[in-house]
Amino acid sequence: MVSYIIRRLLLLPLILFGVSLIIFGMLELLGPDKLVSVYIRGPESEKVAGAAERIIKKYGLDQPLPVKYAKWVGNILKGDLGWSLVGKQPVLNAILSRFPYTLELALWAIVPVVFVGIWLGVVSAIHHNRFLDHFLRVFAIVGWSFPDFVFGLFMILIFYSKLGWFPPGYLSYESEEIVRSAEFMKITGLVTIDSLINGRFDVFLDALRHLIAPVITLAYLWWAYILRITRSSMLEVLRKEYIRTARSKGLPEDVVIHKHAKRNALIPVATVAGQMIIALLAGTVIIETVFNRPGLGRFMATAATQLDYMSIIGGALFYSLLLVLGNLVVDVSYAIIDPRIRLK
Amino acid sequence: MVKKEVKRVVKKFFRNPTALMGLILLIFFIIVAILAPVISPPQDPDNPYRIPIATWSLEPKPPSPQHPFGVIGQRDIFYGVIWGTRTAFRIGLIVAGVSTLIGITIGSIAGYFGGWVDEILMRITDIFMSIPFLVAAMVLTTILGKGLDKVMIAMITFGWMATARLIRGNILQVKEEQFILAAKALGVKHFAIIVKHILPNTIFPVIVQISMRMGSLVITAAALSFLGLGAEMGYADWGTLLSYSRNWLTDFEKSWFAIVFPGTAMVLFVLAWNLVGDALRDIFDPRLRG
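Listed in order, the protein sequences are those of chains A and B.
According to the working numbering, the residues represented by the first sequence are 1 to 344, in order.
According to the working numbering, the residues represented by the second sequence are 345 to 634, in order.
Among the clues, some could well be false.
[As the list claims (entries may be wrong)] Only some residues are given here: those of chain A computed to face chain B with a beta carbon under 10 Å:
no., residue
1, G18
2, I23
3, W119
4, V123
5, I126
6, I158
7, S161
8, S172
[What the hints assert, rightly or not] Derived DEER-like restraints, expressed as beta-carbon distance ranges:
no., chain 1, residue 1, chain 2, residue 2, range
9, A, T305, B, K528, 32 to 42 Å
10, A, E53, B, L612, 26 to 36 Å
11, B, I551, A, V138, 53 to 63 Å
12, B, G459, A, E53, 45 to 55 Å
13, B, I374, A, W165, 49 to 59 Å
14, A, H128, B, Q517, 23 to 33 Å
15, B, L612, A, K259, 41 to 51 Å
16, A, E176, B, R359, 26 to 36 Å
17, A, H128, B, M577, 42 to 52 Å
18, B, A529, A, P13, 39 to 49 Å
Note that these hints are calculated values from the structure, not bench results.
Note that the Cβ used here is the ideal one computed from N, Cα and C, for glycine as well.
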């Protein structure tokens with residue numbers, strides 16, 4: 001297993017190098033003239049005589065490609081991702097200050113995704129080929145076909161415009177005042193946790209009220225997916241010899257299913273967990289825009305429409321880094337859970 | 345052999361009720377796309393994808409006999425939904441077609457030649473998969489300068505990897521079969537072996553994959569249009585139509601029709617492809633059947 005992990009770690013720099021090449025290549029598509037104008041849109045203080053020359057020199061824009069790439073990577077490694085027009089601050093700060101909002105939304109979505117999805121899958125497998133199973137399969141395929149942002153628009157239409165229950169946005173005006181005030185300690189940056197630490201249950205409930213609709217929108221798509229995986233792996237496990245043994249020695253069906261079958265059936269579900277967290281994070285790009293929530297996703301979407309190239313390039317680097325590291329963690333932990341993988 | 349396989353597939357397909365439902369939906373959309381000029385005659389035949397201005401007032405108007413799906417952003421929603429069907433087919437077929445061709449090429453080269461060629465091509469595939477698809481498509485579209493054609497280029501650039509992996513895996517399986525070794529022994533050229541002997545034996549899973557991807561490709565393109573990166577304002581495209589509703593969401597009476605009609609069209613279109621793809625996958629891969 002150690003050699004597997006080492007091989008996987010050795011691949012990491014290669015993948016990151018490749019990703020940086022692709023993103024650098026996309027930036028190069030802008031052409032030299034546009035690049036200077038992109039870099040020069042810095043803070044006002046930089047807009048002095050000779051700024052263009054200084055920027056051309058700093059980023060090596062007049063140099064051959066390899067040199068230019070080296071300077072670009074060098075700046076990134078130093079944490080200099082350029083200036084964000086939309087955020088009116090350095091790109092790195094803009095990304096880091098918005099990421100907690102996105103993380104909070106994605107983390108909240110994981111809870112219903114995993115629990116409801118697995119539960120539905122187990123129910124479907126137990127009722128194999130009976131009405132409930134057919135019903136859930138139809139539900140899964142319809143759910144899988146519902147584009148997330150269309151679903152989100154329907155949610156707003158019904159639960160906000162019609163019923164007035166779950167408003168879009170992040171917090172109500174009053175709660176936002178409280179969160180902005182000096183007494184409110186910001187420890188984690190996640191408002192649902194910070195409000196509990198500060199003992200402000202009203203803010204916590206208000207945050208939840210704004211979270212429900214986007215969380216369901218992010219989650220339902222994965223219910224369909226997790227349901228399918230859990231169902232087929234449950235069906236496979238239920239046919240195994242050891243389940244027959246468990247039943248024949250007279251164990252109650254409940255124990256057979258939840259203690260014996262479910263544990264082994266959940267291994268394939270664990271493999272998609274990492275992929276799912278990444279997809280949830282990427283899914284927030286459009287969901288945050290639909291629900292008008294602050295966060296990295298909406299920042300990216302706004303930056304794209306405003307042609308704020310530095311911000312979207314920085315965002316793409318950030319999301320890719322998350323994806324690569326996420327996959328690494330999943331692969332390594334999967335090798336630890338399932339011995340069949342590491343022996344290959 | 346291929347002919348027999350097709351017969352088997354058709355027979356199984358028609359015995360599956362959900363597959364039939366998907367097929368009927370799909371045929372319905374194909375008919376709508378073909379008959380678009382009859383159902384909604386364009387005012388300007390040279391530019392049919394531009395939804396004509398229905399009113400000069402900015403206020404959305406609920407459905408009426410004259411505008412059965414209502415009016416939003418000064419445009420007739422019915423016209424946009426009908427012609428948007430053509431846009432959806434065009435995006436889906438072009439992106440799925442071209443990215444599949446790229447995937448087949450890369451996958452067959454990697455699988456057939458193996459060794460370091462395989463190693464390099466598969467690592468490149470890994471790298472392309474390390475940028476989230478929506479983010480990658482968004483960035484490339486923005487840099488290329490917005491528009492539906494740019495969206496398609498971006499989705500093709502980051503959409504070929506799954507096919508490449510699939511084809512490579514299949515070729516690795518077929519490669520050692522007797523008939524391939526025989527063809528090699530007879531001195532048949534590499535290219536001819538791949539195209540004539542290997543690909544026909546791996547093509548069915550690719551067809552399944554295309555039908556499964558059609559829906560998600562149309563969703564991604566619509567999402568980019570919704571964000572304002574895809575089709576320009578006034579273009580007959582479901583995502584663009586949906587984006588008009590953003591300014592009126594607080595008022596149910598002024599926005600429901602702008603979401604319900606284009607939204608339902610999209611859901612049914614994606615559902616049709618998913619049902620067909622799902623049925624085909626069940627037929628080709630019996631392990632997944634319950």
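Cross-check of the supplied hints:
no., hint, result
1, G18, "3 Å, holds"
2, I23, "7 Å, holds"
3, W119, "18 Å, violated"
4, V123, "14 Å, violated"
5, I126, "12 Å, violated"
6, I158, "9 Å, holds"
7, S161, "4 Å, holds"
8, S172, "15 Å, violated"
9, T305(A) with K528(B): 32 to 42 Å, "54 Å, violated"
10, E53(A) with L612(B): 26 to 36 Å, "58 Å, violated"
11, I551(B) with V138(A): 53 to 63 Å, "24 Å, violated"
12, G459(B) with E53(A): 45 to 55 Å, "49 Å, holds"
13, I374(B) with W165(A): 49 to 59 Å, "40 Å, violated"
14, H128(A) with Q517(B): 23 to 33 Å, "31 Å, holds"
15, L612(B) with K259(A): 41 to 51 Å, "43 Å, holds"
16, E176(A) with R359(B): 26 to 36 Å, "58 Å, violated"
17, H128(A) with M577(B): 42 to 52 Å, "50 Å, holds"
18, A529(B) with P13(A): 39 to 49 Å, "43 Å, holds"
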